[in-house]
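*Asks:* Reading the sequence shown from the start, the letters are residues 360 to 798 in the working numbering.
Everything labelled a hint here was simulated from the structure, so no lab data went into it.
Note that the Cβ used here is the ideal one computed from N, Cα and C, for glycine as well.
Be aware that one or more of the hints could be misleading.
[Unchecked claim] Label-pair distances were calculated between CB atoms; the ranges are:
id, residue 1, residue 2, range
1, 502, 643, 33 to 39 Å
2, 430, 635, 32 to 38 Å
3, 473, 412, 29 to 35 Å
4, 507, 643, 23 to 29 Å
5, 410, 759, 36 to 42 Å
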Amino acid sequence: MKRSLKPLLAALLLAATGPALAGTVTVITSFPKELTQAYKAAFEKANPGITLEILNKNTVSGIAYVRETEAGKRPEVFWASAPDAFEVLAQANLLEKAGDVLNPAVPDKIGSFPINDPNGLFMGQALAGYGIMYNTRLIKAKKLPAPTTWHDLLKPEWFGNVGITSPSRSGTMHLTVETILQGEGWDQGWNTLLRMSGNSAAITERSFGVPDGVNNGQFGAGPVIDFFGLSSKYSKFPVDFVYPEETSIVPANIALIAGAKNTEEGKKFIAYTLSKEGQELLLRPEISRLPVLPYSKMSNIPEGYPDPGQIAARSKVQFNVDLSQNRYYIVQSLFDQTITFRHADLQKATKAILDAEAKLAGKPNDKARQLLDEARKLAFAPLLNKAQAEDPELVALFKANKKDADVSQKLSKIQGDWNSQAKANYEKAQALANEATKL
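Could you put the whole structure together from the sequences, leaning on the hints where they help?
*Replies:* Here you go:
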């Protein structure tokens with residue numbers, strides 16, 4: 360009996376040690392399945408014995424997942440579009456250096472923005488721009504002008520025809536929000552965001568909700584990361600995509616997570632995504648991302664495909680990732696408390712203001728003008744000024760461990776105050792606009 364167990368034990372030991380040599384690479388990412396499945400199939404074919412497991416979460420949830428998973432049990436790779444998310448992970452010592460997997464053919468910068476982290480903690484795997492996706496069929500039917508700037512989506516004719524999501528639900532939306540805030544300045548940027556949100560038909564649950572809504576005609580247009588618009592366009596949906604001048608071209612990064620289970624295999628996957636073969640996958644119509652590898656080093660670039668260098672050259676926004684990272688949670692919370700959770704109130708105030716402006720156009724009335732000015736200030740100004748948003752104590756509080764009871768209590772009080780103030784402001788703005796229409 361003992362003799363017969365030896366082959367069985369040997370087989371069990373071999374089975375147990377086999378996966379440790381090849382193993383499973385777990386990738387936590389916010390990217391759509393069209394992209395992740397293409398990479399899974401190609402990587403596994405090129406690396407027999409290694410299995411790629413995709414853990415799909417939005418960027419904010421992905422960061423939380425890595426933070427809450429103990430060392431030794433974490434996924435191998437973090438892969439997302441938002442560069443500030445990688446700064447958050449790096450500051451928390453949750454990334455491991457992997458600079459040895461870099462492709463030397465990838466340039467150091469796009470415009471003035473570094474493609475790779477100088478400390479080797481994360482690498483640019485693709486390039487991402489932010490802009491407006493719109494349904495060509497719908498805007499023709501509704502006789503809406505094709506948008507070319509963020510401010511086009513603030514016009515009265517776009518009321519109820521815009522789709523938007525929240526930066527707390529989407530890392531790419533956070534980048535869009537920060538691009539607008541940095542491009543226009545804090546006060547004017549929030550004015551744009553509040554008015555765009557007031558014109559929106561809905562705040563979607565995920566970033567995918569905006570392009571899906573534009574594809575099917577639920578929305579006429581919405582702010583998205585470029586690959587959502589480009590992949591739909593090249594997949595023959597009735598949509599188009601435009602980069603406003605106030606956009607930014609930044610890397611969509613990939614990184615090795617510290618405390619992962621299968622570090623060497625994780626590095627192999629990162630290296631594959633940066634290789635010529637891995638970069639050319641980005642050009643598939645259903646993916647349509649901008650590669651970090653120069654077009655001169657690649658084959659079969661689609662006709663008319665956007666040139667990231669040209670977009671970066673004409674962009675007015677030099678994205679400050681440190682600024683974005685520092686106020687990351689404040690911006691998300693302020694957006695949610697004043698827009699996401701008060702969207703119906705903001706919509707009503709916006710509609711009342713637009714109706715009053717239309718009714719009073721060409722009819723000079725100082726009292727009505729004063730009422731409308733006050734209504735706009737209440738509805739479309741941020742509750743915090745720039746200095747308040749960058750106050751070190753407030754920044755530290757929003758970065759603190761939210762499981763701490765004292766921290767949680769303080770945050771709840773602040774967020775509750777913002778929510779209540781936003782509600783009061785929108786109700787007052789609506790009342791003032793309605794009063795103006797009666798004059």
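*Asks:* It remains to establish, for every hint, whether it holds in the given structure.
*Replies:* Structure-based check of all given hints:
The hinted window of 33 to 39 Å between residue 502 and residue 643 holds, with their beta carbons roughly 35 Å apart. Our hint of 32 to 38 Å for residue 430 and residue 635 holds, since their Cβ atoms are close to 34 Å apart. Checking the proposed 29 to 35 Å range against residue 473 and residue 412 shows it holds: the Cβ atoms sit about 30 Å from each other. The given range of 23 to 29 Å is respected by residue 507 and residue 643, whose C-beta atoms sit roughly 27 Å from each other.
At roughly 38 Å, the beta carbons of residue 410 and residue 759 sit within the given window of 36 to 42 Å.
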